[in-house]
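Chains as they are written, first to last, in the numbering used here: chain W, 1 to 242; chain C, 243 to 545.
Careful, some of the hints might be misleading.
As the list claims (entries may be wrong) - Covered stretches of chain C (chain W as the covering partner; in silico rule of three or more C-beta atoms under 8 angstroms from a C-beta of chain W):
{"id": "1", "segment": "317 to 324"}
{"id": "2", "segment": "341 to 352"}
{"id": "3", "segment": "381 to 391"}
What the hints assert, rightly or not - Example chain W residues on the side facing chain C (calculated, C-beta under 10 angstroms, incomplete):
{"id": "4", "residue": "M1"}
{"id": "5", "residue": "I2"}
{"id": "6", "residue": "Q8"}
{"id": "7", "residue": "R10"}
{"id": "8", "residue": "F14"}
{"id": "9", "residue": "T105"}
{"id": "10", "residue": "L107"}
{"id": "11", "residue": "M111"}
{"id": "12", "residue": "Q112"}
{"id": "13", "residue": "S113"}
{"id": "14", "residue": "I114"}
{"id": "15", "residue": "R116"}
{"id": "16", "residue": "T117"}
{"id": "17", "residue": "L120"}
{"id": "18", "residue": "T121"}
{"id": "19", "residue": "V124"}
Keep in mind that the hints were calculated from the coordinates and are not lab data.
Think of the CB as a built atom: it goes at the ideal place given N, C-alpha and C, for glycine as much as any other residue.
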Amino acid sequence: MIWVTWRQHRTESFVVLGVLVLSSIFLLVTGLTMANTFQQSRLSNCLANNKDTRALLAICGPLGSAFLNQYGPLFPFAAALLILPILLGAMVGAPLVARECEQHTNLLVWMQSITRTRWLTVKVELVLGTGLLVGGMLLVLLTWWYHPFSQLNGSFNQVAFDFSGPVLIAATVLALALGIFVGTLTRRTVLAIFLTLALILAIRLPVELGLRPNYEPQITVTWPLTQSDSPPVTLGRQDWNL
Amino acid sequence: MSNALETTHLSKRYGRHWALQDCTLALPAGRVAALVGPNGAGKTTLLHLSVGLLEPTEGLVQIFGCSPLKQTTQTLPRLGFVAQDHPLYKDFTVADLLTLGRKLNPRWDDTLARARMQKLGIPLDRCAGKLSGGQQAQVALVLALAKRPDLLLLDEPLASLDPLARREFLRTLLDATVESGLTVLLSSHIIGDLERVCDYLIILSASYVQLVGDIQEITRTHKRLIGPRQDVDAIASTHTVIETSHTERQTTLLVRTNGPLFDPSWEVQEVSLEDIVLAYLGQQATERLSSSPSAQKRMEVVQ
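Please model the entire structure based on the sequences and the hints provided.
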């Protein structure tokens with residue numbers, strides 16, 4: 001069944017691999033130049049040596065603006081890669097079961113000597129596994145690439161949040177799982193593709209535009225346990241007790 | 243003799259519509275059976291229930307004594323199935339399809355598959371989608387045969403084929419049944435082509451089984467009676483009248499005889515299988531018009 005799944009998704013796999021290779025080249029080349037400029041323009045030193053906000057703005061501000069002016073235009077290209085998980089969900093996830101039902105090939109494969117449970121398990125596992133891998137690779141690349149920006153803008157800006165932590169992997173798996181689910185329900189490839197796109201947007205847009213701006217940044221607090229049980233700091237809008 | 247397929251009061255309902263009702267039949271192992279009925283009679287439903295693609299609403303179905311739904315690991319390797327319009331992965335080459343068969347079936351016979359493809363002149367490197375309809379049907383059949391099944395079910399295998407492709411397809415099928423003790427059940431809305439291949443007949447109409455039995459026995463017991471115009475009550479008391487037609491002066495009947503015919507006023511003629519099938523299907527049609535549910539429930543079994 002592993003071979004069959006591979007054979008069915010050979011073309012898609014090559015396309016995804018191609019996109020990954022091309023984007024890696026783009027990210028590596030631009031990322032290396034950026035990191036280089038970041039070092040040589042003394043921006044990194046400046047940021048490291050000035051802890052005070054006012055001093056940061058006064059001294060490092062011009063350097064930072066220059067850096068952003070130079071490399072900021074690259075940012076949309078990198079951010080465009082965030083569409084890849086959504087496309088994976090719609091183009092690979094949605095037709096996974098729907099196309100079989102539509103072309104009645106399920107009647108062929110279900111009548112081989114393997115159970116339908118195994119058929120579905122192998123397909124879903126392999127596709128989700130690959131999605132995880134693709135999401136992970138993109139995440140690693142983008143996190144590394146974005147590092148200079150994150151020192152200037154922070155990683156809590158709305159687009160960059162997608163490659164902070166495991167968000168990108170989660171988004172890929174969500175898109176694929178949603179696609180498979182919708183395809184299984186509708187059993188129509190084209191309908192499933194559009195429904196999946198609509199559903200992903202319906203889930204992600206409110207999260208990104210509605211919820212994300214309200215996320216509180218993480219706070220690291222260290223205090224001796226002997227003095228008090230709760231941290232000696234006011235945490236954002238509500239007090240949190242750890 | 244054991245039964246390859248056995249159904250007991252098998253019924254399937256979609257919403258409020260019954261696709262198959264109260265179907266009780268047995269297909270003895272080693273037979274080549276034709277499942278005949280008009281479109282929408284429930285043939286596909288019966289086949290899908292038999293291989294476990296559908297769950298019955300009521301009743302029981304068994305393949306060699308196993309449930310095709312619950313004991314899939316036992317039944318699946320013994321079943322061959324060619325669905326309607328013989329679906330194949332269109333972007334797979336023929337060789338890919340054979341690899342699929344080999345990877346997914348423990349009893350797969352690769353030598354047989356390759357030999358048949360060669361005999362049929364089907365190139366292994368051609369995409370399935372680029373083969374002619376007849377060749378696609380042949381590939382689907384070979385895929386099912388190379389599984390080395392004990393029971394092969396084919397859903398309208400001839401429907402989309404031209405006469406020449408039909409003959410070729412049936413030849414492949416016949417070769418396979420002669421070589422092994424394969425039991426076959428193939429559905430069709432026409433009987434003509436199947437007479438040469440099949441020795442067992444199941445007539446299905448309007449979701450009910452009308453007739454099940456050995457074809458020789460069926461043709462032996464069914465007669466056409468022609469006589470002066472008269473009431474049929476006398477003959478209907480001993481024999482089963484399937485079809486009645488009157489002209490001004492004469493009456494023609496198609497009956498299933500339950501013993502010797504004594505009445506000398508009738509002229510007895512042999513009937514072709516096709517006429518018998520048509521009579522049963524016609525009977526169903528008239529009964530549906532009179533809409534009597536008790537009459538619809540009739541099932542004839544000829545052993």
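So, going through the hints one by one against the coordinates:
Coverage of the segment 317 to 324 of chain C by chain W holds [criterion: at least 3 residues with CB-CB distance below 8 angstroms; count 5]. Remark: the segment 341 to 352 of chain C is confirmed as covered by chain W, as 8 of its residues place a Cβ nearer than 8 angstroms to a Cβ of that chain, reaching the required three. Check result for the segment 381 to 391 of chain C against chain W: holds, 4 residues qualifying (beta carbon to beta carbon below 8 angstroms, three or more required). Residue-level restraint check for M1(W) holds (minimum Cβ-Cβ distance to chain C is 7 angstroms; threshold 10 angstroms).
At a threshold of 10 angstroms, the smallest CB-CB gap from I2(W) to chain C is about 8 angstroms, leaving the interface hint in force. Checking Q8(W) against chain C: minimum C-beta separation of about 7 angstroms stays under 10 angstroms; hint holds. Using the Cβ-Cβ criterion of 10 angstroms, the hint placing R10(W) at the interface with chain C is satisfied: the shortest such distance is roughly 9 angstroms. For F14(W), the interface hint is violated, since its Cβ never comes within 10 angstroms of a Cβ in chain C; the closest pair sits about 13 angstroms apart.
Against a cut-off of 10 angstroms between C-beta atoms, the interface hint on T105(W) holds, since the closest Cβ of chain C lies about 5 angstroms away. The interface hint given for L107(W) is met, as the beta carbon of that residue sits about 4 angstroms from the closest beta carbon of chain C, less than 10 angstroms. Against a cut-off of 10 angstroms between C-beta atoms, the interface hint on M111(W) holds, since the closest Cβ of chain C lies about 4 angstroms away. Restraint check, Q112(W) versus chain C: the minimum CB separation of about 4 angstroms is within 10 angstroms; hint holds.
Using the Cβ-Cβ criterion of 10 angstroms, the hint placing S113(W) at the interface with chain C is satisfied: the shortest such distance is roughly 4 angstroms. Taking 10 angstroms as the C-beta contact cut-off toward chain C, the hint placing I114(W) at the interface holds, the least distance being around 5 angstroms. Residue-level restraint check for R116(W) holds (minimum Cβ-Cβ distance to chain C is 8 angstroms; threshold 10 angstroms). About 9 angstroms separates the beta-carbon of T117(W) from the nearest beta-carbon of chain C, less than 10 angstroms, and the hint is met.
Annotation: interface hint on L120(W) violated; nearest CB of chain C at approximately 13 angstroms, more than 10 angstroms. Hint status for T121(W): violated, given a least beta-carbon distance of 14 angstroms to chain C, over 10 angstroms. Using the Cβ-Cβ criterion of 10 angstroms, the hint placing V124(W) at the interface with chain C is not satisfied: the shortest such distance is roughly 17 angstroms.
Violated hints, listed in ascending order, are 8, 17, 18, 19; each of the other numbered hints is respected by the structure.
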